[in-house]
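For the sequence shown, the residue numbers in this note's numbering are 1 to 272.
Derived pair list, reagent style SDA-like, types lysine to any residue, alpha-carbon separation capped at 25 Å: (1) K123 - M1; (2) K127 - G69; (3) K24 - H37; (4) K53 - W67; (5) K112 - P174; (6) K127 - L107; (7) K127 - R32; (8) K123 - I30.
The calculated label-pair distances, taken between Cβ atoms and stated as ranges, are: (9) G211 - E250: 44 to 52 Å; (10) L215 - C9: 34 to 42 Å; (11) E208 - R170: 15 to 23 Å.
Treat the hints as calculated values from the structure; they're not laboratory data.
We treat Cβ as the ideally placed atom computed from N, Cα and C, and that holds for glycine.
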Amino acid sequence: MSLFLCPICGAPLERAEGRYRCPKGHSYDIAREGYVHLLPANRKHAKEPGDDKAMVAARSRFLEGGWYGHLCRTLCDLAALHAGEEPVLLDAGCGEGAYTAAIAGRLAQEGKPLRAAGVDLSKAALKRAARRAKDVEFAVASVYHLPVGDGAASLLLDCFAPLAQEEYRRVLRPGGVFLYVVPAPEHLMEMKQVLYDAPYENPDQAVEYEGFRYLDVVPVSRRLSLEGQTVEDLFAMTPYAWKTPREGVERLRALERLEVTAAFRIHVFRRK
Numbered sequence: 001m002s003l004f005l006c007p008i009c010g011a012p013l014e015r016a017e018g019r020y021r022c023p024k025g026h027s028y029d030i031a032r033e034g035y036v037h038l039l040p041a042n043r044k045h046a047k048e049p050g051d052d053k054a055m056v057a058a059r060s061r062f063l064e065g066g067w068y069g070h071l072c073r074t075l076c077d078l079a080a081l082h083a084g085e086e087p088v089l090l091d092a093g094c095g096e097g098a099y100t101a102a103i104a105g106r107l108a109q110e111g112k113p114l115r116a117a118g119v120d121l122s123k124a125a126l127k128r129a130a131r132r133a134k135d136v137e138f139a140v141a142s143v144y145h146l147p148v149g150d151g152a153a154s155l156l157l158d159c160f161a162p163l164a165q166e167e168y169r170r171v172l173r174p175g176g177v178f179l180y181v182v183p184a185p186e187h188l189m190e191m192k193q194v195l196y197d198a199p200y201e202n203p204d205q206a207v208e209y210e211g212f213r214y215l216d217v218v219p220v221s222r223r224l225s226l227e228g229q230t231v232e233d234l235f236a237m238t239p240y241a242w243k244t245p246r247e248g249v250e251r252l253r254a255l256e257r258l259e260v261t262a263a264f265r266i267h268v269f270r271r272k
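Start from the sequences and build out the full structure, keeping to the hints where you can.
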């Protein structure tokens with residue numbers, strides 16, 4: 001049985017040859033790459049929601065280059081620490097599935113039988129995710145309307161995705177662990193100093209969300225020395241690509257090298 005539920009009637013989905021089906025007859029084709037589309041038309045607020053092909057390609061090149069490897073390794077360590085014996089992972093806003101696949105691989109190495117699913121709005125991203133981690137279920141869906149059951153997950157990951165705390169509280173079982181990755185105050189500050197006249201730090205705050213209690217806030221930081229296409233890819237995978245004045249973009253592209261800080265905070269919560 002799938003971790004996913006039918007987005008129309010809420011019944012459990014069963015994966016058959018080339019499709020998912022629910023007992024009421026609703027059917028969802030599985031794309032050639034291996035993901036399924038579970039976003040109803042009335043929740044689709046754009047023709048092609050989520051990150052576009054160019055942004056997905058840039059982020060894939062950057063992550064596959066290992067530049068955020070320090071974040072990936074720390075997430076794997078935390079997942080292994082909190083997974084329990086039979087973990088069920090849900091990656092909310094999974095993108096290309098880089099962190100989903102890495103965590104799944106780490107838990108497999110430790111002999112823990114993992115069930116895992118990832119959701120994202122971007123079909124372009126999920127095409128890569130499904131090819132990357134064939135044992136993980138992936139679906140086009142919104143983090144605000146997750147197509148999974150109450151208490152279905154024991155381990156929930158949100159890495160730079162919107163925070164849908166009510167949904168996360170619903171789908172994470174009591175005692176389950178939520179890993180929430182946000183940029184640290186100094187994250188990419190050197191790049192922002194090139195792009196903008198008055199850059200500012202990201203907020204640094206610890207918020208007690210209803211239904212969760214803090215276990216830890218884990219800082220992760222690394223200094224990167226980037227050149228050429230890698231600088232372009234980093235810029236293209238950030239929200240700055242949408243809102244930077246042309247002058248700032250030109251200053252960035254004129255650089256031969258960029259020394260930049262990649263710093264994160266991983267907020268670790270337990271579901272009450």
